[in-house]
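Protein chains in written order, with our numbering: chain L, 551 to 1051; chain A, 107 to 310.
Where hints are given, some of them may not hold.
[What the hints assert, rightly or not] With a cut-off of at most 20 Å between alpha-carbon atoms, the simulated PhoX-like pairs for lysine-lysine come out as follows: (1) Lys1036/L x Lys128/A; (2) Lys189/A x Lys692/L; (3) Lys856/L x Lys1035/L; (4) Lys148/A x Lys1040/L; (5) Lys922/L x Lys157/A; (6) Lys148/A x Lys1036/L; (7) Lys264/A x Lys303/A.
If you're looking for bench data, these hints aren't it; they were derived computationally from the structure.
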Amino acid sequence: MSRMRLGCLLALVLVAVPGALRADDGKSVSSIPGPSGPGVDAEPSPPKLVFTYPCSFAYADGKAYEERMLDWQCDYIHASVKNGKDTFNALPTLAAQKAFLGIMRDNADAAHDEYIKKIAEILKAADPAAVPKMLSTGERTKRIAALNVMLSTGVFAAAQPFLWPPREAESYVEKTAGTWPASWHPYLQPIYARAGELQQALKADEIKLIDQASAALDAKIRMNGLRANKGLDVSLDKVFDGGGTHAGGDVSALGLAKSGPAGASVAGAIPVTISDLRAAPPPIPKDQAQRDQRNYFARGYEAGIKRLQNDAQVEFWHAMGMTQTVGDPYGKASLVFQQLGPACAVAAETEALRARGQNVKPEELAREGVDKGYFVDVPGVDGAREGGTPWGRLDALLTDHGVKSASVVNADARQLDEAVRASGDAIVYVTVKGFWEDPKQPDRVSHAVYVTGMEVDHNGSVRGYYVNDTGTNEAARFIPASLFKKVWTKNMVVMHDAPNN
Amino acid sequence: MRRIIDLRLAAVLSAGLLAACKGASYWQDRVQADPLYQRAAKVRESAGCAKLVPMEFGQTVPVPVKGGRFKVLFYPLTFSPGKSEAMPAAIEGIFSAASDAPDSCAALPKASTGSAGPAVPPGTSQAAYYRAEEALYAGLPKAGELYAKDAVPSEADKRLLADYLDAFNAIAEPGLLPDYYRAEPGFWEWLRSATGKSIPKPAA
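Please put together the full structure from these sequences, using the hints given.
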């Protein structure tokens, strides 16, 4: 039942009280008893009930209320009536309070029955066992992901009458974490196990997809390694100069051998001159922790496959000694997290500060930004907070935290490349529509992401950039230069101090 | 002679067909090369706006205003992969494509804070969006020029204006049409009188 309808119900109860008074005068129009009053026998008024949350009803004199209210009935009152507790406590008489509770209990019972029914339907529909095993891994992944979404949205919709405090968009300004309130857990509990099963099924299929990509790549490298027995012995020292924490040095400063075998794990491949395979894990990671950080499928199946293809391309380049990674995108993958609300700039700044050894929390940084006027905070839908960081304030938090930085408008690729070579990172703005390749996004919306490295070939050309995206919780996403060029707004924040990690 | 005409027609039709079949990337490149698109994209970083407009706000397409300038609106936007939700416009920016007059931005009177719905018309593909955006920016300078002169459009101009309006309706944030109208009522009413079509006038 909507808040508006319950508000009307409450109004009816209040209106019924004078009706009950008239009933005391012998003109009964309502079964709801009213208080004592002028012209009525002067018996002392019974103490009213006091509602304290969570779920306690007691008389004002401290005696327990004789009828037990269940937790979900309390939650229903709290979630369905605006200012439920205060409104109840302000009802004028005990009789009105009891009448209100009676009506609300009936409504809560009905809502609870409906909730139980819906949850059973949702659980049945979201059974991963129902997805045919004969389907291709890709199709299974898509279907299971859709079930996951259905489960999540369905259960929240079913539990809505009981969710107190009301559901709000997550925001750093409003609260410090994205955890659900304790009062929600009983209503979401029934789906935890099923959500776990779906996640497990999804993960298994995703692992299969990554392994398939990895195996195909190994085969390709093996084939090409055997074929490429000439012409790969090129000197890459000069073009790979620099590189983040290793800035200012030559290739030896990158911790790499200037020559020698690379791609040793690839059976049959010939040694190539330079590869950073020993300096950084292979682009398609074998270990689960790195796979989890990469979060390949955060934007869906197609986007995940595209990422795997891009990473396979990079790994192939590495194995052939054609490119090298500048910066430490795989090390910095651990810096990524899922931002709350419109705080991509704050989130990217958090990563940059953490990379420099500062243990900052995004919620604290956002709060600091609000307090200092760097972060524009405006009311959003249903009491949520919206806003963001204006361009002119972008480097302010970094500067305040001791990081020498500068915002650059209309930057060119050369400036970005220099920045990544010098400090190993940069913050850039991208148009989210093209960056996520998402038709639901409008053009002209900028999104801050953290550049953690780049891939450079033996001509010195940048083949692409590595990016951590707190909007999707994806790490070390390789963006080919052709795509990057389309989505980069040519704005960036350059940080002059090298990270400590 | 007839054969030549047929060949020309076939060539034109083929070119049209090819253009229609181009992918999102083609249209994205085209729109990004448009000078007015590039100019509008820089408003929020200009000196007059850089401390007011959050980068994370959505930005509408430009609306011509009197004096040969354009207005864009900035609105709070909730976005995550596969979802975007606009809220009523909160800031307006004015810029000129032709002159060196500085851009300016100002907060709009407090509007309601409810959702204004999706920021992209439902069902619009990536390619269709960029194609419409390219068409919109192609027609916008002329639309602005005609409006500035309060001109009575020729038949050719009417077709251009109709194409512009189609493109606008294909990509404008559906829930922000009242904001678009309020940004420059004169333009939308001029368009209505010139072509018989426009966006709805919001209830007072």
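Status of each hint after checking the structure:
no., hint, result
1, Lys1036/L x Lys128/A, "holds (16 Å)"
2, Lys189/A x Lys692/L, "holds (17 Å)"
3, Lys856/L x Lys1035/L, "holds (17 Å)"
4, Lys148/A x Lys1040/L, "holds (10 Å)"
5, Lys922/L x Lys157/A, "holds (13 Å)"
6, Lys148/A x Lys1036/L, "holds (16 Å)"
7, Lys264/A x Lys303/A, "holds (10 Å)"
Of the numbered hints stated above, none is contradicted by the structure.
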